[in-house]
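J.: The primary structure of each chain is shown beneath.
Protein chains: 4
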Amino acid sequence: MKRSEFLKRFGIKLDMAVEAHDLIRGETGREIPGVKMDKQTFSQGEITVINIMEPLGAQIMGKPIGTYITIDAPVIRENNKLAHKEVTAKLAEQLGSILNLKPEDSALLVGLGNWNATPDALGPRVIHYSLATRHLRKYGPQEIFGVLRPVSALAPGVLGITGIETAEIIKGVVDRVQPNLVIAIDALAAQSVERIGTSIQIANTGINPGSGVGNIRAGITQEFLGVPVIAIGVPTVVNAATIAQSVLDQFMQQINQNPVLAKTVANLNPISVDQAIKNVLQPYQENLMVTPKEIDDLINNIGKIIAAGIGQALHPSVAPEDLEMLVH
Amino acid sequence: MKRSEFLKRFGIKLDMAVEAHDLIRGETGREIPGVKMDKQTFSQGEITVINIMEPLGAQIMGKPIGTYITIDAPVIRENNKLAHKEVTAKLAEQLGSILNLKPEDSALLVGLGNWNATPDALGPRVIHYSLATRHLRKYGPQEIFGVLRPVSALAPGVLGITGIETAEIIKGVVDRVQPNLVIAIDALAAQSVERIGTSIQIANTGINPGSGVGNIRAGITQEFLGVPVIAIGVPTVVNAATIAQSVLDQFMQQINQNPVLAKTVANLNPISVDQAIKNVLQPYQENLMVTPKEIDDLINNIGKIIAAGIGQALHPSVAPEDLEMLVH
Amino acid sequence: MKRSEFLKRFGIKLDMAVEAHDLIRGETGREIPGVKMDKQTFSQGEITVINIMEPLGAQIMGKPIGTYITIDAPVIRENNKLAHKEVTAKLAEQLGSILNLKPEDSALLVGLGNWNATPDALGPRVIHYSLATRHLRKYGPQEIFGVLRPVSALAPGVLGITGIETAEIIKGVVDRVQPNLVIAIDALAAQSVERIGTSIQIANTGINPGSGVGNIRAGITQEFLGVPVIAIGVPTVVNAATIAQSVLDQFMQQINQNPVLAKTVANLNPISVDQAIKNVLQPYQENLMVTPKEIDDLINNIGKIIAAGIGQALHPSVAPEDLEMLVH
Amino acid sequence: MKRSEFLKRFGIKLDMAVEAHDLIRGETGREIPGVKMDKQTFSQGEITVINIMEPLGAQIMGKPIGTYITIDAPVIRENNKLAHKEVTAKLAEQLGSILNLKPEDSALLVGLGNWNATPDALGPRVIHYSLATRHLRKYGPQEIFGVLRPVSALAPGVLGITGIETAEIIKGVVDRVQPNLVIAIDALAAQSVERIGTSIQIANTGINPGSGVGNIRAGITQEFLGVPVIAIGVPTVVNAATIAQSVLDQFMQQINQNPVLAKTVANLNPISVDQAIKNVLQPYQENLMVTPKEIDDLINNIGKIIAAGIGQALHPSVAPEDLEMLVH
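From first to last, the protein sequence lines are chains A, B, C and D.
Here this note's numbering is used: the first residue of the first sequence is 1, the next is one more, and so on.
Here this note's numbering is used: the first residue of the second sequence is 1, the next is one more, and so on.
Here this note's numbering is used: the first residue of the third sequence is 1, the next is one more, and so on.
Here this note's numbering is used: the first residue of the fourth sequence is 1, the next is one more, and so on.
The hints are simulated quantities; they were obtained by calculation from the structure and are not laboratory data.
A couple of the hints might just be wrong.
As the list makes no split between identical chains, a pair holds if one copy fits it or if it spans any two.
In silico lysine-lysine, BS3-like type, Cα no more than 27 Å apart, as pairs [what the hints assert, rightly or not]: (1) LYS8 with LYS278; (2) LYS85 with LYS304; (3) LYS39 with LYS85; (4) LYS81 with LYS304; (5) LYS278 with LYS102; (6) LYS2 with LYS36; (7) LYS81 with LYS13; (8) LYS278 with LYS90; (9) LYS304 with LYS278.
Bound conformation, chain A alone (with noise of 0.2 Å):
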């Protein structure tokens, strides 16, 4: 009953990278070629650099070449707004680590999700959050706003809502403003509990249809929108059938301790084992998530948070203070 056969089965994909290398490594037992993890610790959690460097390694990690950074701190889920500081300015350090952006160069953010739906709701709650400035600079007083790179923020909806791929609303934009950057903030998918709301994933491969707690359909990629493209995700979901299966996993580790049962449980059809997961979770099935009751402040917290981080790194000639006083 392997984790990779399952989430297959269960079409569901690895919104995370530093989970997809996490499983691979774990299931095969050795590194992955092309692909290169570095770890660091930092006051209120810990940093992890996963590169993808050769197509081999991409096509193992079922991710692009490019570099993902994961951010881990348990403490985001509590309400210390001091710790939220460190984060935040890790982030920002981090995020200004791959732009890759000439002083004057523009940014574009892109809040993606469903705003009537709370665990989906990040990416309009961060664009809640977040300060445009590139109006300022054209009709704003120039010794505040000219030291300001310009920035214009989006919160496209999704297709139910908007019945047009987020992708093609992204892409329709960016012909008209242009911006030599995009960076788009999502809701993710986590394998485990404990990443809700405390892991931050930045990539510089934009987002791949089928990631996501909203699922798009149509890539936001710089090879689709002609512009470089950040992806920022927080996990704010597991999805219910890989509870189901990871709770299955651990009752198994312990039969497994018994070579007799081992033997005879490695037998049982995993298609009906499948079967159980779906009979509980029906008639939901793959819209069954599990989240924590407190949710909604989760969202709030984080969304400061990221939305923060985003214009430190975008603004790094403005004190942190000062930017904090220009928006909600």
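Fit chains B, C and D to the known structure of chain A by using the hints.
T.: For chains B, C and D alone, coordinates are given in the frame of chain A:
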């Protein structure tokens, strides 16, 4: 690995009488003494009436003596407003059957739960869609509002917001307003995913501590308030631990078809099975809920149905269309 | 103290053609060349159709050549859902009369305005209550969605949130989606309090800079977008300066009945009259709006009416009740 | 055309003592017997303390005997969080000066007003940003919550939603919870536009019928509740009739500079002046409010300031930064 023992170990209460009944009947294989169950169908689903008539039945069921009506209508999940009207009418009829009010008697609606946590927001949403008439009889035109029963409505908030036991707030208001009946609306946790957003439980026993998504700590009962209390509850979540246990259970049923396996597995330590579940669900544990993605829409639709059903039951002489014109 | 001069001095544009027409006709005392006006009544109010047919008329009216239909229905202010249905049907009929679409033509709905500012939130609210069908034709079952016209829907936000001229966002999306028609919905400012929440203007001229509560700066017009644009607007505020001027005007009419007074008052410096208004309205000045207390409910009710009216006009072969079942 | 007579004719009450004082002093040209006024300035504005000491003063002022502190800080309108902190500290200081509580005394915060009507939603918003501690002392860890005063918090809703006089709900809760003090927060109507969102009134007299944007009908006072009541109010609107009268007044001042005009105009019938205002404001009349466009943001900012100021005043031994970490 009996479900009833699992629930006890995890401190999970069964909010729905119909689920408690099914569980106990299933595990014991015989009728519960002092408890009667009747089923009937209607155009959009099924109605189950459970009467707990004697102390022994109450003890076995873990619920007070009283009547528990459950309307199961999967169509609530769909956006079919015509079918919703049928469910509303059925709710009004069933509620009417246990209201036990004289025409001039007054009622106080209480919407329990936290408006800041979507799955727990059903109660406040029902209050939003309800019509308070108590003041209209005093201040409004007599020809319109003279025929309406005096109804007041309150969304008291939750302990974490108010710092006050919800039952205390209600008791204070009941002492001032002196209604002849309290109708308390709350979000429930179910055992089965398919009940989410589709089952409505009406009970003439009030609400007891530890029930509901938000887990009140003091009883909202006739004993405490001094007036009869009807509780209306709809499951909006399944506890994630319950999902996990259900999947393990389904899995065990397969194992148990193999007599050799069945024998050996029977020796597995239930505590370590629990640990498997706890490992997967930490660090959120009992605060981890399983909800469908579309929970926001679901809460809104059920909120309208419950509010309209209560309205029709309380004002039987007013046509449903006329009532609808008076509310949001 | 002519109203037209006051408006010019205060930089207030007349959003409603019917008010521009009444003002000019009143001040000049004669028909406006190249402009035709027709009135008719219906069960719930009055419909005024103004046709600006020639450049001279357009210049005098300060509005482009085109057709401006105004539905005045005071009943919208009341919570009478039956009467709202009649207004909805009339809106669908009038809108249908200028849609000029082939059965398979597609439409893009654009909800202008700021969802964070209640009186300006009408556009986004209409999008909330509207049905996007464009993707359903592609992904949904053919028997249901084959008969629906492809409709997409967008709430682009406002310049202060996005940093992008709203017209630019729409242009970008139009270029990708290539609809045959854009329908743009916006909150308007009226001259008269009694129009708040009760007048619906439909114009086949699009929306021109400086109109609406949120004051767009670039045209949402066929000229800019390349496809026809129908604008639907409802007044949700009256500028506070306009209220002030209206009261002064009414006061002057009384003074003018006294010939001696009239003569002397005529010498009053209009600039100092303006100063009186400015003194009272500072420091908010032009950002000061007059709205009824119940504006939140009003926006919600009108949002539903407009969304349903557009839906019925775009999908004439589907029964209104069936359409209603598909939306929020 | 005296303002005081206009207000009486239009049934408009002066919510702010400082405005009542200025009006009466201005019209009478002399000190008000039994009333004392002191002014002082601070970094961000001005503080006015009005003491009504005798029944005669109370009668002239139309307000009960007591202390009315007004903090005027135009900076609240700006998004300057640093300056907001100074206003918060000043509010905490002034509030602290009249709290009159022993360290272990408890307080109940009551957020008056309608959460569905933006300008009236200040009270509920303050509750949203406030920290209830009463239950934490009982259920939370002693080392953290032992130093906090027991505070409970309630947003009771308005008569139109609940059907119950707000004072009755509060009385019921006070009887159960038995706090040593009630602090009631409400949105006010001002006479002058520049007070909107920038003046904070603190009064130790409670709230009397007919005050506030939502117009309560029974007193929230020590007399009714049995415990002292401090009222905190912030103007969020100006009555549209007041604006109209102010403009007419300014206009008359100009006329009065011309002695001939002044004499004749003095004969104008005040009733017909009122009619001018009523004509302009119908059909909404007294429900027509003047608010700035950005009222939603304003309510949010003031809500945070008031909540933080109350928190600091109630828990003087906890550092403001630590308090901030405990709330939303």
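J.: Each hint needs a verdict: does it hold in this structure or not?
T.: Status of each hint after checking the structure:
no., hint, verdict
1, LYS8 with LYS278, "both (15 Å within a copy, 25 Å between copies)"
2, LYS85 with LYS304, "both (10 Å within a copy, 19 Å between copies)"
3, LYS39 with LYS85, "within (21 Å within a copy, 39 Å between copies)"
4, LYS81 with LYS304, "both (10 Å within a copy, 15 Å between copies)"
5, LYS278 with LYS102, "neither (51 Å within a copy, 45 Å between copies)"
6, LYS2 with LYS36, "within (24 Å within a copy, 47 Å between copies)"
7, LYS81 with LYS13, "neither (33 Å within a copy, 35 Å between copies)"
8, LYS278 with LYS90, "neither (41 Å within a copy, 31 Å between copies)"
9, LYS304 with LYS278, "neither (37 Å within a copy, 30 Å between copies)"
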